[in-house]
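Model the placement of chain B on the given structure of chain A, informed by the hints.
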Amino acid sequence: MTALYLSVATRAFRRYSTYPAATLAGLFTNCVFGVIISYVYLALWDQQPDAGGYDSVDAVTYVWIGQAMLMTVMVWGGGATADLSDRIRTGDVALDLYRPVPLIGWYAAQDLGRAAYHLLARGVAPTIVGALLFDIRFPDSVGAWVGFALSVPLAVMVSFAVRFLVASTAFWLLDATGPATIAFTLTVFFSGFTVPLVIFPGWTRELVMLLPWAAYLQIPADIWLGQRQGWALVGGLALQAGWAAVLLGVCWLVLRQATRKVVVQGG
Amino acid sequence: MAEGVVTSVRGYRDIARMWTRAAMAYPASFWMMAVSGFAIGLLDFVGIWIMFHTNDSLGGWSLSEIAFLYGATGFGLAAADLVVGRIERLGQMIRTGRLDSMFLKPLPLLTQVCADEFALRRFARVFQAVVVLGIACTFVSWTPAKVLVTLSMVVSGSVIFFAVFIGFACIQFWTIDANEVANAFTYGGNTMTQYPLTVFPSEVVKGLTVLIPLAFVNWYPALYVLDKPDPFGFPEWLQFASPVVAAIMMSVALLVWRTGVRHYTSTGS
Numbered sequence: 010m011t012a013l014y015l016s017v018a019t020r021a022f023r024r025y026s027t028y029p030a031a032t033l034a035g036l037f038t039n040c041v042f043g044v045i046i047s048y049v050y051l052a053l054w055d056q057q058p059d060a061g062g063y064d065s066v067d068a069v070t071y072v073w074i075g076q077a078m079l080m081t082v083m084v085w086g087g088g089a090t091a092d093l094s095d096r097i098r099t100g101d102v103a104l105d106l107y108r109p110v111p112l113i114g115w116y117a118a119q120d121l122g123r124a125a126y127h128l129l130a131r132g133v134a135p136t137i138v139g140a141l142l143f144d145i146r147f148p149d150s151v152g153a154w155v156g157f158a159l160s161v162p163l164a165v166m167v168s169f170a171v172r173f174l175v176a177s178t179a180f181w182l183l184d185a186t187g188p189a190t191i192a193f194t195l196t197v198f199f200s201g202f203t204v205p206l207v208i209f210p211g212w213t214r215e216l217v218m219l220l221p222w223a224a225y226l227q228i229p230a231d232i233w234l235g236q237r238q239g240w241a242l243v244g245g246l247a248l249q250a251g252w253a254a255v256l257l258g259v260c261w262l263v264l265r266q267a268t269r270k271v272v273v274q275g276g
Numbered sequence: 047m048a049e050g051v052v053t054s055v056r057g058y059r060d061i062a063r064m065w066t067r068a069a070m071a072y073p074a075s076f077w078m079m080a081v082s083g084f085a086i087g088l089l090d091f092v093g094i095w096i097m098f099h100t101n102d103s104l105g106g107w108s109l110s111e112i113a114f115l116y117g118a119t120g121f122g123l124a125a126a127d128l129v130v131g132r133i134e135r136l137g138q139m140i141r142t143g144r145l146d147s148m149f150l151k152p153l154p155l156l157t158q159v160c161a162d163e164f165a166l167r168r169f170a171r172v173f174q175a176v177v178v179l180g181i182a183c184t185f186v187s188w189t190p191a192k193v194l195v196t197l198s199m200v201v202s203g204s205v206i207f208f209a210v211f212i213g214f215a216c217i218q219f220w221t222i223d224a225n226e227v228a229n230a231f232t233y234g235g236n237t238m239t240q241y242p243l244t245v246f247p248s249e250v251v252k253g254l255t256v257l258i259p260l261a262f263v264n265w266y267p268a269l270y271v272l273d274k275p276d277p278f279g280f281p282e283w284l285q286f287a288s289p290v291v292a293a294i295m296m297s298v299a300l301l302v303w304r305t306g307v308r309h310y311t312s313t314g315s
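Chains A and B, in that order, give the protein sequences.
For the record, in the first sequence the residue sitting at position 188 is 197 according to my numbering, with numbers rising by one throughout.
For the record, in the second sequence the residue sitting at position 160 is 206 according to my numbering, with numbers rising by one throughout.
Chain A extracted, bound-state conformation (with noise of 0.2 Å):
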């Protein structure tokens, strides 16, 4: 089973490894945004040097980390559930459900290779970038690169399991770009990528910093950044897996509910 899943995302990750000029454009953009949102940072940590406890340095890292995880963990939503709301609309899906494999499974494994490919593809080359441009800082020890190695898979999961979720209402509605519209103005906003959570005011903060989107970008990048150590990096990892689980755990539910639906309808 761990073989075939196995396969599963290594031809996922060949699939997108076919564009390379579209990663080369995706890149070029990515390094744009960095330096724009970098200047900024800059200008507003110059007026704060400790706002949300991050240092100047920090913030601008932060901004990197964020170019770089971007498409791993998908934050305008695609993937390989956008395939799977197109085959609830065509019907396709019913082959899908005969597969010996879990309907999850199948396509948890190929939206991990295909993150595989983005966190290579996509990651490495804005975080040189970014370190040729501006200071930034890398994980000081080997708990903190272990603990952002085991974070960041962890992101692609609970990410994986909303868009499940968002593809799943096509079973309902035929057409999931509306929840998915939905789902990425509320991702982009509470994952980070707008402004840092930790720069949110009061108890906003406490309050987005527990909720699923925290584990796509924040929880990831304070680990890198050394913010979270010792019982915060594991409870961090905590709230991850716990989010990862639940959620896949509503996937599952959402399935069975659908699949009911699927053979009332015949088909």
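By construction, these hints were calculated from the structure, which means they are not laboratory data.
Careful, some of the hints might be misleading.
[To be verified] A partial selection of chain B residues facing chain A, derived with a Cβ cut-off under 7 Å:
no., residue
1, M79
2, I96
3, H99
4, T100
5, N101
6, D223
7, A224
8, E226
9, N229
10, T237
11, Y241
12, F246
13, V256
14, L257
[As the list claims (entries may be wrong)] Short, incomplete list of chain B residues facing chain A, as computed with Cβ under 8 Å:
no., residue
15, A74
16, A85
17, L104
18, G105
19, V227
20, M238
Ideal placement from N, C-alpha and C gives every residue a C-beta, glycine not left out.
Here is chain B on its own, set in the frame of chain A:
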């Protein structure tokens, strides 16, 4: 010439109406996306407000002044996205052969490409920008000249973004996968001009004045309307030059488009 424009506008209107009717076949999706479009812009602005909750200024500008910049560039981008934004899918139209079929229809190609899959829901973002700009305008001490400069800013800003969308989309005539490059200039340009240019190094500001003149979308007119001295010491007449820049940019974009179309030889097969 004038007749050509009338044909284009009429053709665009007909195609847009057809796509709008098609979108209304899924009313739930239409409204969800329209509301989201509004919310995206709103949350974007909430982000700027969050940056301000402990500061009174960013780059020497207050929140209401930044709202003026934000509303102006937001309007330009949203209007361009509504009217010509579909051109970013040029590569896809080439790949699927859709562009070839457009060559056969009695309407200018550019009109057809821009009107294809016209999405009325994008109006939500225009509306959101107007709300922010409207609120920002209540903080301005108005004179008749400032009203004129503001109106010319809004129109010129839109035309400049029209030109940026069209010009950079043409890259896809050469490499059909590279549509994301254009985003750096359209959405990237929008993000950049949301903030006072004082946060960027002066080389960037020179680039935005001379190379890709996005500073004329809002920065120069805003300096005049908000009575701010130019922090980079550039000549004052630049603050009134937006319409001229818009006209030049549009001509360049159309020239690039024509070159692209002439270069285009279809995917063959």
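Here is how each hint holds up against the structure:
no., hint, result
1, M79, "holds (5 Å)"
2, I96, "holds (5 Å)"
3, H99, "holds (5 Å)"
4, T100, "holds (6 Å)"
5, N101, "holds (5 Å)"
6, D223, "holds (4 Å)"
7, A224, "holds (4 Å)"
8, E226, "holds (4 Å)"
9, N229, "holds (5 Å)"
10, T237, "holds (5 Å)"
11, Y241, "holds (5 Å)"
12, F246, "holds (5 Å)"
13, V256, "violated (18 Å)"
14, L257, "violated (14 Å)"
15, A74, "holds (6 Å)"
16, A85, "holds (5 Å)"
17, L104, "holds (6 Å)"
18, G105, "holds (5 Å)"
19, V227, "holds (5 Å)"
20, M238, "holds (5 Å)"
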